[in-house]
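Chains as they are written, first to last, in my numbering: chain A, 1 to 359; chain B, 360 to 746.
Rather than coming from a laboratory, the hints here were simulated on the basis of the structure.
Be a bit skeptical, because a hint or two may be false.
As the list claims (entries may be wrong) - Chain B is nowhere near these chain A residues, computed Cβ spacing over 12 angstroms in every case:
(1) D112
(2) G118
(3) R174
(4) G226
(5) R239
(6) K240
(7) T284
What the hints assert, rightly or not - Computed Cβ-Cβ distance ranges for the label pairs, DEER-style:
(8) E223/A with M744/B: 49 to 59 angstroms
(9) P734/B with E156/A: 17 to 27 angstroms
(10) D575/B with A65/A: 47 to 57 angstroms
(11) N154/A with P734/B: 51 to 61 angstroms
(12) G594/B with Q172/A: 47 to 57 angstroms
(13) D675/B with K36/A: 18 to 28 angstroms
(14) M744/B with K36/A: 51 to 61 angstroms
(15) P650/B with L115/A: 44 to 54 angstroms
(16) Q469/B with G245/A: 43 to 53 angstroms
(17) L115/A with T719/B: 43 to 53 angstroms
(18) L115/A with G702/B: 58 to 68 angstroms
(19) D639/B with E75/A: 49 to 59 angstroms
(20) K36/A with D575/B: 40 to 50 angstroms
Using N, Cα and C, we set each Cβ at its ideal position, and we do this for glycine too.
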Amino acid sequence: MRVLAAMSGGVDSAVAAARAVAAGHDVTGVHLALSKNAATHRTGARGCCTKEDAHDARRAADVLAIPFYVWDMAERFHEDVVEDFVAEYAAGRTPNPCLRCNEKIKFAAVLDRALALGFDAVVTGHHARLGADGLLRRSVDLAKDQSYVLAVLNSEQLGHSMFPLGDSTKEQVRAEAHARGLGVADKPDSHDICFIADGDTQGFLRKHLGSEPGDIVDGSTGEVLGRHDGAFAYTVGQRKGLALGRPAPDGRPRYVLSITPVTNTVTVGPAEALEVTQVDGARTVWIAGEPPTGPIECEVQLRAHGRPAPAVVELDGSAMSARLRRPERGIAAGQAVVAYRPDPAGDIVLGSATITTAS
Amino acid sequence: MAYLDHAATTPMLPEALDAYVATAREVGNASSLHGPGRAARRRVEESRERIAAVLGARPSEVIFTGGGTESDNLAIKGIYWARRPDGRTKVLTGAVEHHAVLDAVHWLGQHEGAEVVSLPVDHEGRVRPDVLAEALDDTVALVTVMWANNEVGTVQPIAELAALAAARGVPLHTDAVQAVGQVPVDYAASGVAALTLTGHKLGGPLGVGALVLGRDVACTPLLHGGGQERDVRSGTLDVPGIVSFAFAVEHAVKHQEQHSQRLAALRDELVERVRAVVPDAVLNGAPTGQPGSRLPGNAHFSFPGCEGDALLLLLDAQDIAVSTGSACSAGVAQPSHVLLEMGADPLSARSSLRFTLGHTSTRADLDALITALPPAVDRARRAGMSR
Chain A
1 MRVLAAMSGG
11 VDSAVAAARA
21 VAAGHDVTGV
31 HLALSKNAAT
41 HRTGARGCCT
51 KEDAHDARRA
61 ADVLAIPFYV
71 WDMAERFHED
81 VVEDFVAEYA
91 AGRTPNPCLR
101 CNEKIKFAAV
111 LDRALALGFD
121 AVVTGHHARL
131 GADGLLRRSV
141 DLAKDQSYVL
151 AVLNSEQLGH
161 SMFPLGDSTK
171 EQVRAEAHAR
181 GLGVADKPDS
191 HDICFIADGD
201 TQGFLRKHLG
211 SEPGDIVDGS
221 TGEVLGRHDG
231 AFAYTVGQRK
241 GLALGRPAPD
251 GRPRYVLSIT
261 PVTNTVTVGP
271 AEALEVTQVD
281 GARTVWIAGE
291 PPTGPIECEV
301 QLRAHGRPAP
311 AVVELDGSAM
321 SARLRRPERG
331 IAAGQAVVAY
341 RPDPAGDIVL
351 GSATITTAS
Chain B
360 MAYLDHAATT
370 PMLPEALDAY
380 VATAREVGNA
390 SSLHGPGRAA
400 RRRVEESRER
410 IAAVLGARPS
420 EVIFTGGGTE
430 SDNLAIKGIY
440 WARRPDGRTK
450 VLTGAVEHHA
460 VLDAVHWLGQ
470 HEGAEVVSLP
480 VDHEGRVRPD
490 VLAEALDDTV
500 ALVTVMWANN
510 EVGTVQPIAE
520 LAALAAARGV
530 PLHTDAVQAV
540 GQVPVDYAAS
550 GVAALTLTGH
560 KLGGPLGVGA
570 LVLGRDVACT
580 PLLHGGGQER
590 DVRSGTLDVP
600 GIVSFAFAVE
610 HAVKHQEQHS
620 QRLAALRDEL
630 VERVRAVVPD
640 AVLNGAPTGQ
650 PGSRLPGNAH
660 FSFPGCEGDA
670 LLLLLDAQDI
680 AVSTGSACSA
690 GVAQPSHVLL
700 EMGADPLSAR
710 SSLRFTLGHT
720 STRADLDALI
730 TALPPAVDRA
740 RRAGMSR
């Protein structure tokens with residue numbers, strides 16, 4: 001097959017491309033330039049689109065002896081991922097930009113362009129398994145598993161995707177990079193949000209949304225406990241950075257329970273008040289066969305790197321509801337609810353939806 | 360492999376390569392006083408004389424540099440600095456110059472108090488003499504206009520422009536890296552004050568070039584040190600590079616006429632055949648069939664609805680090497696400033712592709728291109744223009 005390898009400049013995508021070459025595919029490497037003003041060098045472990053990363057990707061392609069190009073996706077990335085990220089926070093939700101990037105950029109704009117140019121598939125370094133059965137499963141390396149951020153892809157997109165790393169641990173990937181002479185073998189993992197290089201999400205949001213002071217109120221008494229600089233900068237379940245002058249009467253920590261953009265209010269309360277047993281989502285994508293017509297027993301994951309929770313999931317058109325077997329805390333609208341069927345050969349992704357409400 | 364990117368760099372002439380290797384075997388710093396040093400110095404001076412002779416310059420006017428970018432920077436910054444104390448702070452630059460010129464000029468504007476004036480071009484990419492005449496005044500430090508454009512191949516009316524500048528006591532620098540060997544270039548007859556040329560565009564080695572600089576043109580050095588080159592340029596001379604470069608320049612200029620005729624015929628055939636297989640392809644720049652207005656090896660097209668990058672990728676996969684002709688930053692293509700200045704909209708500027716021929720080009724290269732191009736255009740068109 002003619003495959004397009006998306007190469008970030010990191011170790012995972014380099015080894016994924018190498019494996020595609022080793023499997024006998026005709027591989028072309030592409031680095032996506034996602035930043036309009038790419039910095040020259042990496043700073044720390046964050047960021048994914050500096051010129052240094054483009055250089056690292058190019059050197060990996062050299063070692064693999066495959067053609068290599070840089071595709072400028074900065075404008076699309078800005079519109080579909082960065083602006084969406086800001087708008088979601090402004091609406092009181094907590095978006096997952098990696099998921100959005102997969103949905104809109106890597107497996108949409110890039111995949112579409114690749115297919116139009118005569119490629120059969122896109123190969124990436126995501127840690128997830130995609131078998132010949134078309135089922136998406138968790139990686140064998142549960143700590144690195146990225147099936148959650150891929151669960152938004154439909155069968156058509158998955159049908160043109162290859163994830164060669166799903167059967168390997170990160171350690172194995174690094175060892176293979178060493179063995180193959182890839183210079184990125186020891187490059188640190190990237191963390192957090194690639195377009196917020198300093199990791200200061202609140203600062204980033206303040207810069208884009210301005211400061212809009214409002215009240216922090218107690219969820220049970222309605223009492224004003226403090227002030228905030230913009231409700232958008234808070235996330236359900238957040239404990240740090242509330243700067244409440246007064247401790248709770250019982251001395252226990254308080255958490256963000258909800259964000260109400262209309263009144264610019266952040267509501268806080270004790271940990272128990274975060275507990276939910278019912279999660280509703282919209283924009284369902286069902287990957288594993290026909291969507292179920294009745295309730296099914298499965299597990300759900302409610303945030304990136306969250307633990308799986310037993311639940312009963314039911315679909316109603318494009319809406320998904322999950323009744324949790326035991327309460328979960330800190331479930332934020334805007335994140336994805338991903339349904340999995342536990343399986344000894346790797347938990348199978350059934351489908352996903354975007355969380356609208358949790359109670 | 361069909362190599363259609365000679366304007367980026369062209370293969371070394373076998374004799375130039377032999378001259379390089381033979382000279383590189385010899386020891387000798389051209390500044391040393393002993394026998395080996397004198398031998399090296401002799402090779403450098405013979406090379407200088409050969410280049411001067413074929414370019415209509417005096418040997419003392421040839422300053423060896425590390426290539427086109429250095430020559431451009433030296434001429435622009437050096438002449439500006441030398442004339443600034445006289446209140447001449449304006450720099451006039453053609454709008455479609457190479458970035459080695461544009462970025463040097465804009466740097467002077469941002470950091471050295473220069474007032475930069477961009478001379479607009481017509482739809483073929485030409486600076487009209489009346490535009491220059493109007494922009495000239497007593498505060499102009501220098502004018503810089505390329506001899507021939509690297510992207511669309513348009514040849515500028517350099518002698519006319521230089522005469523206008525000279526009449527106002529203003530030196531004109533011209534970047535002639537694409538012109539030497541492709542069109543007649545005579546330094547003295549052109550009336551320019553400074554002229555940039557480089558080795559690797561005409562069959563010589565990479566990393567060596569020259570600035571032909573009139574003896575009466577004041578120029579402040581960029582590189583300080585041993586003062587090897589007329590005290591305007593320092594650095595140990597690259598003897599093998601210079602010897603090889605001189606051979607290539609001499610060869611290119613002496614054979615320019617036949618070479619150009621052969622290239623123009625091949626290029627005209629390429630243009631005709633591209634139009635036959637892609638009827639809506641648009642040739643950018645000056646029309647063919649007017650020798651002297653367009654470089655003979657240059658064909659530059661817009662393919663409506665196609666992204667130049669996509670075409671490049673598809674042709675590259677068929678072992679056909681072409682260029683989008685645009686500036687790169689981390690490999691990311693920007694719409695060509697040359698086409699934008701010529702009045703193209705950004706979309707058609709992004710849909711362009713440059714084919715450039717050189718001394719190793721044959722009809723077989725054209726055959727390969729013409730076979731691969733229609734399916735590539737179809738595919739690229741289906742892929743459309745990305746945002």
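* Starting from the hint 47 to 57 angstroms, judge whether the C-beta atoms of G594/B and Q172/A obey it. => At 50 angstroms between Cβs, range holds.
* To do: With 12 angstroms as the threshold, tell me whether R239/A passes as away from chain B on beta-carbon distances.
  => 40 angstroms, holds
* Asked: Against chain B, does D112/A keep a CB gap of more than 12 angstroms to every residue?
  -> Answer for D112/A: violated, closest chain B Cβ roughly 8 angstroms.
* Given the range 40 to 50 angstroms, decide if the beta-carbon distance of K36/A to D575/B lies inside it. => The hint (40 to 50 angstroms, Cβ to Cβ) holds, given that K36/A and D575/B are roughly 47 angstroms apart.
* To do: Quick one: work out the minimum CB distance from R174/A to chain B and report holds if it exceeds 12 angstroms, violated otherwise.
  => 26 angstroms, holds
* Asked: Is 58 to 68 angstroms right for how far apart the beta carbons of L115/A and G702/B are?
  -> Since the Cβ atoms of L115/A and G702/B sit about 34 angstroms apart, the hinted range of 58 to 68 angstroms is violated.
* To do: Just double-check G118/A for me: nearest Cβ-Cβ distance to chain B has to come out over 12 angstroms.
  => 6 angstroms, violated
* If you check the beta carbons of M744/B and K36/A, does the distance land in 51 to 61 angstroms? -> Violated, at about 18 angstroms.
* To do: State, for the Cβ atoms of L115/A and T719/B, whether the hinted interval 43 to 53 angstroms holds or is violated.
  => Given about 36 angstroms between the Cβ atoms, the range is violated.
* To do: Could you check that no beta carbon of chain B comes within 12 angstroms of the beta carbon of T284/A?
  => Given a closest Cβ separation of 28 angstroms, the condition holds.
* **Hint check for P734/B and N154/A - Cβ pair distance inside 51 to 61 angstroms** => Cβ of N154/A to Cβ of P734/B: about 30 angstroms, so the range 51 to 61 angstroms is violated.
* In this structure, is the beta-carbon distance linking E223/A and M744/B contained in 49 to 59 angstroms? -> With Cβ atoms ~57 angstroms apart, the hint holds.
Going through the hint list in order, the structure does not satisfy hints 1, 2, 11, 14, 17, 18, 19.
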